[in-house]
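The listed protein sequences derive, respectively, from chains R and U.
Residue numbering for the first sequence follows my numbering, starting at 1 and increasing by one per position.
Residue numbering for the second sequence follows my numbering, starting at 1001 and increasing by one per position.
In short, the hints are calculated from the structure, not lab data.
Note that the coordinates shown come from a computational prediction; the quantities given were computed from them, not determined experimentally.
Ideal Cβ positions, reconstructed from N, Cα and C, are used throughout, including at glycine.
Fair warning: there could be bad hints in the mix.
To be verified - The calculated PhoX-like cross-link candidates involving lysine-lysine, where the alpha carbons are at most 25 Å apart (straight line), are:
hint, chain 1, residue 1, chain 2, residue 2
1, U, 1401, R, 22
2, U, 1136, R, 419
3, R, 252, U, 1408
4, U, 1233, R, 64
5, R, 326, U, 1136
6, U, 1344, R, 22
7, U, 1076, R, 296
8, U, 1169, U, 1401
What the hints assert, rightly or not - Residues from chain U that face chain R, not an exhaustive set, calculated with beta carbons under 7 Å:
hint, residue
9, 1078
10, 1128
11, 1131
12, 1132
13, 1144
14, 1146
15, 1148
16, 1150
17, 1152
18, 1153
19, 1156
20, 1253
21, 1255
Stated by the list, open to error - Partner residues are not named here, just some residues of chain U that face chain R (Cβ under 8 Å, in silico):
hint, residue
22, 1094
23, 1125
24, 1137
25, 1305
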Amino acid sequence: MFQQFELASGVKLFVRPTEQFKTINISFKWKQPLTVEKASIRAVLANILQFSNEVYPTNAAFRKRLDDLYGTALYFDTTKKGSHHIFSLNAETVNDAYLSNEKIVDEVFSLLHTVIFKPNLENGKFGESIVKREKEQVIERIQSMYDDKTRYAQQRLLENIRPNNPASITSNGTVETVKAITNEQLIEMHHDLLTKDDLSIYVVGDVNIQEIKEKMQSHFSFVDRTEKIEKPVDIPSETTDKKFLHEIQDMKQGKLHIAYQTPITFFSEEFPVMQLTNGILGGFSHSKIFMNVREKESMAYYASSSYSSLYGLIFVLAGIDSNLQKKAVALIDEQLKVMQAGDISDLELNQTKSMLTNQLKEALDSARAQIEIYDQYKELNASFTVEDWVGKWMNVTKEQIQQMALTIEKEFVYFLSGKEGAANE
Amino acid sequence: MNKTYFQQLEETLYNETLPNGLDVYILPKRGFSKTFVTFTTKYGSIDREFIPLGKDEPVIVPDGIAHFLEHKMFEKEEGDVFQKFSEKGASANAFTSFTRTAYLFSSTDHVLDNTKTLLDFVQQPYFTEQTVEKEKGIIGQEITMYDDQPDWRLYFGTIENMYKEHPVKIDIAGTIDTISHITAEHLYECYNTFYHPSNMVLFVVGAVDPEEMMDFIKADQAAKTFEEPQEIKRFYPEEQKAVDKKERTLQMDVQKPKVLFGIKASNTDISGDEMLNYELAMQVAIEMIFGRSSAFYQEIYENGWIDESYSADFSMEQGYGFTMIGSDTVNPTELTEKIKETIKNYASNWNVEDEDLQRIVRKKIGFFLRALNSIEYIANQFTRYSFNDMNLFDVVPALEKLTMDQVKAAFQSLIDDNAHTVFTILPYEKSNE
């Protein structure tokens, strides 16, 4: 999908020239091992670099510059992937070809250089008032999860099944770890980005490969990543005997979140078979869970499963009447059981193959999705193509699906509901 | 088949109005893998009072019926339509808004088969009392889900504050009570009135051969029989200029207060170029005064009165419209006072340079060109524009021609204090902790 070049040791450039889009997308992804403290520092640093820099020392000046560049989108973002934290800088700008007499792509490169290499420092430190406010913004972002009941319930489930583990650490860390951040730690983390983090740079659009490579080399001087960041010591999860937790908030709907574990992960040979297995169980609107929980029993508006392949976890989510928790869990258990018994129709298998294929091919219609998919799948194979991957699904049999279903084990049921549901426990 | 080339955008649009009245548009996109097709009727939650096809007297139908009908279209005697789409690798969906109901799919393969499925399932209704009853549980859970979303409650609470009579104030899905009265007979009455091809638009965008697709659609429609097209008579109540309620507060289980400042639009009985120019002028005015590069934004951000949830938008359809500015904030009163003060200041002193206008116009053009990478955006927006007699591809030239006088005139409609309202969501008092 992408042509790749090494700009320095640990710094790679991936380019995909295409006439498909009217814009050019650029993405820098800095990667290092995930810990809750570092996640917080990186989330706050992203906000600080988004606010101002040496050339545009006020946010208004910086924003106006972006508006002038035809509303170029330029934003930092922090996410996680498996046991890594990803600090990214994304930009999307109009291709010069669609504007009369303008040359903005070069200006965007120069602006990207500024935001990465020229932070807004006073005596070698970030402005204290900026640090204080951006810490507060990240704290509020963490707290706002409470207001989104689905996200909150999912996070509570993860904290219960995988405490102190990358699966439950969020890309913002916690309120406590954000509060503890110092100016020095932020400076040090910025230095890590420039010298230590693994860096992948993506460019998608109507571009000339050689030109992009030269622009990268002339605008940015990336140093070899000789020093490696130490991996955190794995803290084994405290094992809990608890299998069920019901929590109460003032709300109307019951949010049912069930976790299952499987030894099959993204890196397993059977990964493509598990993608199909999850699809048949609950990935689509023809799947067993949707057909039975929603269409047959009218118990839910949404009811689905998702496969978190980097952690070997499968989640089933459903929004139900708070009195129907036990009935819903039994019905969902039943769907996995019939798959384990081999009750999988040709129709279901073929529908799921078609839908997964369509989903992956469709992703090619968004530049950002091209970057995200390749960024993940290149870990398995640098010459990944959508066609090759689709081929892995085509010959999968019902028996293989049944074998996969047998590796899936229910681990925990989390239920968040209003007071009404509690009375009927 | 008409063919229009938009030189600056390098896009070619094909279109034809079929004998049964259906407007068909096809936009091929170079390099794309998928095809996205939307089939939309100009019928939404605000269409609650109308004269049914073949009758003389107006009726009022239960709230939430357009959305209920959307759900029920997917169930047929032989089963669920999703099953059929899945077999051909198409992701199908539908949505109901205040003014539209859209059915859609996207697929990278079997595009003609999937188009046939789309046309057939939307044009062959099947409702029974039994299937209608079954859906009430599912939609009941959908309504409950939205009831638990503070941002949805905030948005609707603000609209309810603004409108006294107009049905835009009624939740699109209705309530558990209103949907309990819906019958199969109601659904047929609404279906027959609003799903006539002459009230609908079919939009095809992506990897498509325009001639082949147009021939396929024409053959399909020619093989089906429809009543003669008739003008649909819809009734909307008179709405006062002033807001209905100046201020309301709701308590929910949230961490931080949320506030929206709403401004009811005064000039909404427009369409075509007039609407396009007014809407763009209003959006530019809002962006200039309340956008992220404005002095207002810098001040409230540095004061810590807003967070990442901040937004300032204008939206309208024929008959209603509103500006909404707000954020999650621990200082809801300071924030809304500052909004009022800012409007007053600009009203007495229009402190805006030509350079500011040019900058915002450039930003809007860039945003539009980025949006044209999304075939979903094109299909949905094109249909909305077409129902209001506007053309989506006129946006860039209209922005380039926009004058300071137009922007200033649009801003004038924000000044009247009677059109202002505030809705706030507050956390529960922590009295028993």
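Evaluation of the provided hints:
1. A distance of roughly 22 Å separates the Cα atoms of residue 1401 of chain U and residue 22 of chain R; the hinted pair therefore holds under the 25 Å criterion.
2. Only pairs whose Cα atoms come within 25 Å are accepted, and residue 1136 of chain U paired with residue 419 of chain R is accepted, the gap being roughly 23 Å.
3. Our distance criterion of 25 Å between C-alpha atoms is broken by residue 252 of chain R and residue 1408 of chain U, whose separation comes to about 45 Å.
4. The straight-line distance between the Cα atoms of residue 1233 of chain U and residue 64 of chain R is roughly 48 Å, outside the 25 Å bound, and the hint therefore fails.
5. Our distance criterion of 25 Å between C-alpha atoms is met by residue 326 of chain R and residue 1136 of chain U, whose separation comes to about 21 Å.
6. Distance restraint check for residue 1344 of chain U and residue 22 of chain R: the Cα-Cα separation of roughly 40 Å exceeds the 25 Å cut-off, and the hinted pair is therefore not satisfied.
7. For a cut-off of 25 Å, the pair hint linking residue 1076 of chain U to residue 296 of chain R stands: about 14 Å separates their Cα positions.
8. A C-alpha spacing of about 35 Å is found between residue 1169 of chain U and residue 1401 of chain U, which places the hinted pair above 25 Å, so the restraint is violated.
9. For residue 1078 of chain U, the shortest C-beta to C-beta distance to chain R is roughly 13 Å, which exceeds 7 Å, and the interface hint is violated.
10. For the restraint placing residue 1128 of chain U at the interface with chain R, the shortest Cβ-Cβ distance is roughly 15 Å, beyond the 7 Å limit, so the hint is violated.
11. The criterion of a C-beta within 7 Å of any C-beta in chain R is not met by residue 1131 of chain U, whose closest approach is roughly 11 Å, and the hint is violated.
12. Interface restraint check for residue 1132 of chain U: the shortest CB-CB distance to chain R comes to about 12 Å, outside 7 Å, so the restraint is violated.
13. Checking residue 1144 of chain U against chain R by beta carbon gives a least distance of about 4 Å; that is within 7 Å, so the hint holds.
14. A cut of 7 Å between beta carbons decides the hint on residue 1146 of chain U: the least distance to chain R is about 9 Å, and the hint is violated.
15. Residue-level restraint check for residue 1148 of chain U holds (minimum Cβ-Cβ distance to chain R is 5 Å; threshold 7 Å).
16. With 7 Å as the threshold, the beta carbon of residue 1150 of chain U comes within range of chain R, its nearest partner Cβ sitting at about 5 Å, so the hint holds.
17. At its closest, the beta carbon of residue 1152 of chain U sits 11 Å from a beta carbon of chain R; the interface hint therefore is violated under the 7 Å criterion.
18. For the restraint placing residue 1153 of chain U at the interface with chain R, the shortest Cβ-Cβ distance is roughly 11 Å, beyond the 7 Å limit, so the hint is violated.
19. Restraint check, residue 1156 of chain U versus chain R: the minimum CB separation of about 15 Å is more than 7 Å; hint violated.
20. Nearest Cβ of chain R to the Cβ of residue 1253 of chain U: about 4 Å, under the 7 Å cut. The hint holds.
21. With its C-beta approaching chain R no nearer than about 5 Å, residue 1255 of chain U sits inside the 7 Å limit, and its interface hint holds.
22. The criterion of a C-beta within 8 Å of any C-beta in chain R is not met by residue 1094 of chain U, whose closest approach is roughly 11 Å, and the hint is violated.
23. Because the smallest distance between the Cβ of residue 1125 of chain U and any Cβ of chain R comes to about 18 Å, over 8 Å, the interface hint for this residue is violated.
24. Satisfaction of the interface hint for residue 1137 of chain U is found here, the shortest Cβ-Cβ separation to chain R being roughly 3 Å, below the 8 Å cut-off.
25. At its closest, the beta carbon of residue 1305 of chain U sits 11 Å from a beta carbon of chain R; the interface hint therefore is violated under the 8 Å criterion.
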